[in-house]
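Model the full structure from these sequences, guided by the hints.
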Amino acid sequence: MRKAMLVLIALGVLAIVVACAAPTASPPQVVKEVQTVIVAGTPVEKVVEKVITATPPPTQPPAATKAPQPKTLVVCMSQEPDTLYFNGSNMMVTTLTLEAGYRDGQLGGIDQRDYDYQPIILQKLPSIKDGDAKITKVKVKAGDTIEKDGAVVKADKDMELDQISATFKMKAGLKWSDGTVMKASDSVFGYKTGLDKDSGITTRYTRDRTASYVATDASTTVWTGIPGFVYALYNTMFFEPLPEHVLKDIAPKDIKASAFGRKPVGYGPFRVTNWVSGDRIEMEKNPNYWRASEGLPKLDRVIYRFIPDTNQLTAQLIAGQCDIGTQDALNTDAIPFLDQAEKNGLLKPYYIPGSTWEHIDFNTQPTKAPKPRVDLFSDVKVRQAIAFGTNRKEMNDKILFGKSVIMDATVPATHWAYPKDDSQLAKYPYDPKKAEALLDEAGWVKGADGVRAKGGVKLSATISTTAGNKPREAIMQIFQANMKAIGVEIKLDFPPSTVLFGRGKDSDYMSGNFDLMLYAWVAGTEPTLLVYTCDQVPTAALTWSGQNNTYWCNADFDKAYSGFNGNLVREDRVKFTADAYKVFTKELPALPLYQRVNVYATNPRVLNFKPNPSASETWNIEELDVKQ
Amino acid sequence: MANPQDTALIEVRGLKKYFPITQGIIFQRKVADVKAVDGLNFAIKKGETLGLVGESGCGKSTTGRAILQLYRPTAGEVIFQGKDLVKLQGEELRKMRRNMQMIFQDPYASLNPRMTVGDIIGEPLEVHNIAKGKEKKERVQELLKIVGLNPYFVNRYPHEFSGGQRQRIGVARALAVQPDFIVCDEPISALDVSIQAQIINLLEELQTKFNLTYLFIAHDLSVVRHISDRIAVMYLGKIVELTDRNALYNNPLHPYTKALLSAVPIPDPVVEEKRERIILVGDVPSPVRPPSGCHFHTRCPLVMDKCKKDDPEFRNAGAEHWVACHAV
Amino acid sequence: MTQTRSPAGIDLPHRARSPQRRVVGRLLRNPPALIGLGVVAAMILCAIFAPQLAPYAYDAQDLSIARQAPSPAHWFGTDDLGRDMLSRIIWGARSAVFVIVMVMIVNLGLGVPLGAAAGYFGGWVETVVMRAADILFAFPGLLFVFFIAATIKPAILTWAREAGWRDLANSGYLDYAVVIIALGVIGWAGLARMVRAQVLAVKEREYVIGAQAIGVPTWKIIARHILPNALAPVIVALSMGLGDIALSEGYLSFLGIGLQPPAPSWGNILSDNAGRYWRMFPQMIWMVWIPGLILAAVVFAFNFLGDGLNEALNPELVD
Amino acid sequence: MVNYLIRRLFSMTIVIIVSSFLIYMMLNLAPGGPLWELTQAGSSRESALTREDYARLEKMLGLDKPMHLRYIIWLAGDDWLDGGTRKGVIRGDWGESWRVAQGMSVMELISSRIGNTIILSGAALLLSLIIAIPVGIIAAVKQYSKLDYALTAFAFFGVAMPVFWFGLMLILVFSLQFKAWGLPALPPGGTESLFGPDQGSFLDRLQHLIMPAIVLSLFQTASWSRYMRSSMLEVLKQDYVRTARAKGVIERLVITKHAVRNALIPIVTVIVLSLPSLFNGAVITETIFAWNGMGRLYINALTRGDYPVLMIFLLISAILVVAANLLADVVYTFIDPRIRYS
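Residue numbers (the working numbering), protein chains in the order written: chain A, 591 to 1218; chain B, 601 to 928; chain C, 14 to 332; chain D, 36 to 377.
Since the hints were derived computationally from the structure, they do not count as laboratory data. Just to be clear, a hint being listed does not mean it is correct.
[As the list claims (entries may be wrong)] What follows is a set of in silico ranges between Cβ atoms, one per label pair, in the way DEER data are often shown: (1) D:Leu116 - A:Lys744: 36 to 44 Å; (2) D:Ser236 - A:Asp929: 31 to 39 Å; (3) A:Asp929 - C:Leu47: 44 to 52 Å; (4) A:Ala841 - D:Ser236: 38 to 46 Å; (5) D:Leu288 - C:Leu47: 53 to 61 Å; (6) C:Leu306 - A:Asp929: 25 to 33 Å.
For each residue, glycine too, the CB sits at the ideal point set by N, CA and C.
So, in structure tokens, the structure goes:
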């Protein structure tokens, strides 16, 4: 019996020892940094508490005046980056983190704001107009690598093709965070590293279409595309620099696993000091930042925390342990609460209609799909009727709390590619009467059960979307109710995304095994047009990877697209998009719904927070500041 | 060897029941046996009661169960009604059970607490397709009457009865199939002394009435004396002495029998006064490694060198008085 | 009560009470168990008569009255889409009962026969069954349920869709199937172990040997003599476990791998609403507290019932 | 005893190998396979993965081999097989994470979380013991009293609470509302403060530990107190307790000296069997309270399809469960002299 007690006691002691010993198990480096903070104290909590109540804060930060306090900002996001080697990750949170801890700008020296590119570490973006980029006619011999119809191929005969080249000049005073001067050759090194197929890069689209990329002097690079590659984004073909002096002896495939993968030597405003796996990445001011002379960055420390649970994240925001809640962590569900918290002065929410837009795809040509289905949507009138019958305003008002914008085309109205004069575009305000009239016209007659039918076929369709997305589930339920009102029966389908978007012809998406599908595209600087061209209709030849899953194919639209794609002058390109949208909105292979709302929230002490629909929320991290 | 007589109802030849002891780190292999029953030979005549006596753990209950094939014997034959039970399997054996039954030691544990008396007694009728429905109920009530219980008890549960009554139920269950042979496995040792006699009398009555043959197992000689015709004494898996009741009590040959008998009190103060008590020293040896030669030699007051080497033959010492001892 | 004089000379009440009836009697005299029984009965009634009891359809939405507080028209208020919470909760009872009953069937159907066979026959049967149980035991409980739900579910859904059962795939019943497989596959092992241990203990009892001596066929011995006397702890464990099943479904929903909407289950009603509105204190309190308390009450009820059964089935207790 | 242990260890090994094989199979049953995420449709043709890329990636990750071979390589490496570089799990090569922390070794990844999980689970375990045992004893001693009913109700409350809901309510009250009311509030989650005077101090960590430990211990406390109660009731019925009372030993001593000690024996087994949770952590609790432990790592690996991490995680869990079972049996022999294994 005594032994039993001994076992119990031993267990208890073990637990206590473990509990007490473990805190010191974190790397000593962290502890040191922590102590500087302890000595300094912090006014952070004080400020927050003053906002919440009039009562004095329960604990006064000691020795608040002894030393200048490091200004710390905590960015809370839902996920942890898988690596900080930019070639190795396609996670949004990685991009976000890298903007502080590695690079300056979203794409390696170039930022993307308001659906357009801005140079950061480059003196300017080259343009044909300015002469630092040019198109030349070159003679191509049979067997040379060229681009033809979007694919990289060997030329089958001698011919003459257009070739683009662009010159990029880097700003002066750029340094890596270890103090080494950044050279143009670092950008070339970055380009070359990515040529290795095992470097972790999943897309080599632009590298495959690069004829040469060279450094002509310490701060200039010149990019030359392969003949026939007419690329509207030629002005962004500056490859992300990698510190050659750090990485030259590491094989490209090993970079991810090397120290660089978790503590990169970069050129951003901050540098990583500590990465507590699963919890946070801590960064400090980069003393070698090229804008240090301007007093940037304004903060001393930035901490990126990973909090997967939205509930916990909002609690942390209110408790003052998070300064910024990022868009991946917050969603429209939180809007009522965030508004309430704003009223109480606890935090400041931001709702920005973002570049991701939701739409409903119609399966328009089911007979050609690998899995034929009953033809419901090949008739444009039915598609239009559904558009008129869909109360998108209510979806926005009820589910998105009116924070979004209804879309008419595949880009938001604020995008440069949106026609200046949109009167040519067909629009579909909520009008159930018109919807019913169109359906009557198309021959779908309401039956006794309230569902329309034609020739014995019921107008009954299934709408599919990925499981686990609450706003979409709600939207689909509204859509279902809307459709019922006009005599269309809708069944809801929530397959896991692996099933919906899986690989090849087995997936519903590729094989046309759906009636209606609700999902999102991202509108980048280039408008979403390609995915509705005939080329992209999934076929065996395309190994079922074409992305026009509507099976809609329209010659006028394709013509407008190729005009748009082959043109490098923005003013001319807009004319083609206007043509394309005219066809698109009238034919309506897909019904655009609305822009997804990016929800951010900050602690009221955060200054200069300026979210942008096409940039990340911390694009101006070097300018962010906190009230002391 | 017991005489295989024409009137023998059941004959046991070379019956052995070993329980294997397995050992082995990974693969279990047999390293030894518990030789619970180690070569028994005897026969029971029709209508006879054979008493089987021995200390706890000597293998007498195992013998009873091995005869009824509740434990499958390791070796030997059990000839019952012309058939070797050891060779019977499955359905054949199950059908054979109609003719042989058992009464258990613990009247509390031997009745399923979740069944009514009617179901308990009716079950053998049912499984052997003897009676069904109303007929079964009548038969059960009749059986209750036979064992001296109120036939109205059919719908009651065992927990509502006393030990003696429960044992009567157990007897009724055994009788239900009208067997020829019943193994009574210490049927009274768990009962109050006052009840014991009632049960013994009941068993005797029934024997006469239905011409039953009993193997009556008991751990002390005082009980079996009354009911047995012949008595076998067991020690460590072997029968050491087998003879007529009176011969055994009046003229025990085996030192072990003598020791057992000396422990039985005699209800006569004068005789009791003179009774010579033989106290056996030591414990019963382990049946896993029984002593060499005569198993009893470790405790025998008459031990000789020969006893340690040779196993004494089980022989007829005259007038069907069988004994296994070098000293006799 | 009529008294008869038995030949043994002991007075006995003439009416016999079976052990089963004694258990029921004891159960009915135990107030918490009665409450538990009442709640469980209410849940089962809700499940059976959901279409009749629910004032609205569970998926009938009226966006003009979304997120309303409880009112005479909507006793438990309305949710995001203006659906009646009371109706959804009543329909949710159907999901809960369905999952619980199915998991119970899977658990019992596998655990009891396998455990009984292992205990009764021993030998290779025991080895196979018990090693299989060991292997399942080695999977860490709820973590393994999550694992199955995440890996098997897409496979099952794909298979059902390929087979042309898209409607079935969407009905939520396949979601249930996954939850049931996940919980059932894990659950039987524990049950089998318990049954085996009980059978081992019971099979050496004399009444079992007695039944063998009578010549009762093996299956009848197991079914009539062994199992009824071995199942008391199993019944208790099961009734306590039923609450856990309801909870586990909630956890799966919380992690987004449970039942998909609009099919109502208490798990997804609770995890949806609690996740969205717990911070809206006290404005949205009904959205969070009502489903939470109902789920808790049901688990509570099953535990009360199990505890009551435990006492009632205890053979050492006498009236 | 030694033979028994060796035999158990052998059957343990077999059980673990079979379970790991089953887990491996099940992981690979999932449609799309491990590379599914990479093949997802992107918005532009830039991100489309060609068939060659896919094949190359498959080869790089060793997914081109037949399933049984992949399993063997995973288990025992391929350096002896076809000159590969993998050593295999049994020789300490746990592989590298694919998704959660690319390029990081699984061992490093797991060791970075396990400390937190042990702290949380250990604290919860301790808390459960401290509460459950006295509660169970009192409930048994005062069987059928109002106190017993109250404690029973408490225990059932603990079992019945949906953890995520209860956790949110605690955060709501003790973090958010307390703060709003001007009371000293607990931190809503995390393992320590990121700044402030107390950052990383023992007190700071303790504050962060309180709520998750309470939530995590709730279920254990409840069920253990029930175990303790029935075990205690069992013991109180025993003859030696009755004898002790008959001897005139005062009631307090009867309880503490005779009853409690014996009643604890079965509880020890229950506790030992819960030890694997020290590693597994508690998925829900860790998620709600942003506790950076094993449970969260598991869910993260599960949702991101990080197969190497998942496999190791489940393997270790399986080993621990099996080992705890063995330990429970062994501990039992130590504390209950009546039991001997051979």
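- Given a hinted range of 36 to 44 Å, is it respected by the beta-carbon distance of Leu116 (chain D) and Lys744 (chain A)? Since Leu116 (chain D) and Lys744 (chain A) have Cβ atoms about 39 Å apart, the given range 36 to 44 Å holds.
- Query: CB of Ala841 (chain A) to CB of Ser236 (chain D), is that within 38 to 46 Å?
  - Reply: Check passed, 44 Å falls within 38 to 46 Å.
- Query: Is the distance from the Cβ of Ser236 (chain D) to the Cβ of Asp929 (chain A) consistent with 31 to 39 Å?
  - Reply: About 36 Å separates the Cβ atoms of Ser236 (chain D) and Asp929 (chain A), which means 31 to 39 Å holds.
- With 44 to 52 Å as the target window, see if Asp929 (chain A) and Leu47 (chain C) comply at their CB atoms. Holds, at about 47 Å.
- Message: Quick check: does the Cβ-Cβ distance between Leu306 (chain C) and Asp929 (chain A) fall within 25 to 33 Å?
- Response: holds (27 Å)
- Message: Holds or violated: the 53 to 61 Å window for the beta-carbon distance between Leu288 (chain D) and Leu47 (chain C)?
- Response: violated (38 Å)
Hint check: a violation occurs at hint 5 only; the rest are consistent with the structure.
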